[in-house]
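**Student:** If you read the protein sequences in the order shown, they are chains A and B. Numbered by our numbering, the letters in the first sequence go through residues 48 to 150 in order. Numbered by our numbering, the letters in the second sequence go through residues 8 to 416 in order.
One or more of the hints may lead you astray.
[Stated by the list, open to error] Derived EDC-like pairs (lysine to aspartate or glutamate); straight-line CA-CA distance at most 20 Å:
1. A:K116 - B:D273
2. B:K206 - B:E232
3. B:K191 - B:D251
4. A:K116 - B:E185
5. A:K116 - B:E163
6. A:K123 - B:D227
7. B:K281 - A:D105
[As the list claims (entries may be wrong)] Derived coverage of chain A by chain B (criterion: at least 3 residues anywhere in the stretch with Cβ under 8 Å from a Cβ of chain B; other residues may be distant):
8. 102-112
9. 116-127
[Claimed, not checked] Here are a few chain B residues that face chain A, going by a calculated C-beta distance under 10 Å:
10. E120
11. M274
12. P302
Hint data in this document are derived by calculation from the structure and do not stem from the laboratory. Backbone N, C-alpha and C define an ideal beta-carbon position, used for all residues, glycine too.
The lines below spell out each chain.
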Amino acid sequence: MATKNYGGVSVDVNDEGYMTDSSQWTKKVASGIATDEGVVLTDKHFEVIDFIRTKVADGATLTIRGINKSGVVNAKEFYQMFPGAPLKKSTKIAGVPKPESCI
Amino acid sequence: MKKLLILGAGTAGTMMANKMRKHLARDAWEITIVDQFKTHYYQPGFLFIPFGMYNRNDVIKPKSDFFPVGVNVIYSKIDKIQAKESNVILEDGVVLKYDYLIVATGCKTAPEEVDGLNGELWYKDIFDFYTIEGAVALANYFKTWKGGELIINISELPYKCPVAPLEFAFFADAFFTERGMRDKVNITYVTPMSGAFTKPRATKMLGELLEQKNINLVPDFAIMEVNNEEKKIMDYGGTEVKFDCLVSVPPNLGDEVMERSGLGDDMNYVPTDKHTLQSTAHENIFVIGDASNIPTSKAGSVAHFAAEILEENLMCAIEGRPFTGSFDGHANCYIETGYGKGTLIDFNYDTEPLPGSFPFPGLGPFGLLKVSRMNHYGKVLFRWIYWHILLKGKEMPIDSEMQMAGKKL
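With the hints as extra help, turn the sequences into a complete structure.
**Tutor:** Now the structure itself:
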């Protein structure tokens, strides 16, 4: 198991860089991962991250559709905030597992 | 009399009616199955219709051909499930009580979920092939199509039969080549996934096949809308793809009954324990097939393997024993690759599709992640197996639990 250091905090990550222990997550860690991903976090980003962490803690599956219906952000804004692959980037920053597309 | 009620008489519901009637004494248990439609569709056959290989009559039979003796059949829409009272209310107000309920209402395409998808070009230049209507309309369209940009787009996950759009692409390549017009048809596969498939080895193998067949791949494309005027699809990230013919896999949703009954998630799939197949909310409700939210393929093969587990667990519940069946998410998919050949993948919740031989280790006759003529015959034969063995709930020589023997890591 690899570890990564973000702002003095050491966290466990898998080979794709996703945190494996969500309890090690802090806002500082999030900012560190975001920098690696080329994203600068705003308050709005943290609202989305909160939503994602709560959803995942409840055992829900994350989808673009779910994000779009979240009331926090719509899909278009979500793409603008985490350009390219928003679900993959946002979950990485939120310290939760990469959403499995289960087919 | 105790009552077992099955909602949905598709692949999963029909199999369960056949299996449970054998277990439950007819003087003690009444079994009732409800479905609004009288026709059973062999859905794996839809894929073959646009290319003129099957027609409508090859994929339909009356549902009544497949119900066992001693099962009540009701053809009706369902209004809602009152889970707390163990009641189901039909459209005309009839109340059906149950001791155990099996939800097998499946999922269906919902083109209205994407802006512009079922707009003015729907069934003119935009088609689906997951409905009999769409598949037949596309077959007619292809008969006179002069060529251009053929775009195959998957709207979002999950959707039925995850390999079908790839097979569609392979078939299209062969179809237009055989008609001597492949040089006039540019085929592009536009998907929300990061590659041809989800799991690494199958993605690599299938991605290489796309390349060999000169089919373009546009990955990570989450469709936002279809622009009917300019004939292009646009994603949230700003990517646009122009089409002359768009073959769409629309979003798939569970039945609205779940929404009305407060039993579904935001896509109307019923939250289900992925191993026991019991509803996570109600002990006397079990869910099988596409209707559930379990993280595996929405496919008949999954329903078939899950049916054996559900049969076991439902008997455990009825006899007051702890569950002994545990579903592993087993899926087994023949993939047509065109020119009379096919490949095969076999996987579950934890193990990705691997190369090897199936079902007999070292012998086959089918090759996993290999393109062969035998694999194609497997798929062709399957239609017969489906009508004559599978729906009737008879035993097949394939384990419900995925096997590692014969696979190469």
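**Student:** All the hints need checking, so say for each whether the structure fits it.
**Tutor:** Hints, one by one, checked against the model:
1. A:K116 - B:D273: Holds, at roughly 9 Å.
2. B:K206 - B:E232: violated, 27 Å
3. B:K191 - B:D251: With a Cα-Cα distance of about 12 Å, the restraint between K191 (chain B) and D251 (chain B) holds, given a limit of 20 Å.
4. A:K116 - B:E185: Between K116 (chain A) and E185 (chain B) the Cα gap is close to 46 Å, so the pair fails against 20 Å, i.e. violated.
5. A:K116 - B:E163: The hint holds at about 15 Å.
6. A:K123 - B:D227: holds, 15 Å
7. B:K281 - A:D105: holds, 16 Å
8. 102-112: Answer holds; 5 residues pass the 8 Å Cβ test.
9. 116-127: holds (count 5)
10. E120: Where the cut-off is 10 Å and the nearest Cβ of chain A is about 8 Å from E120 (chain B), the hint holds.
11. M274: holds, 7 Å
12. P302: holds, 4 Å
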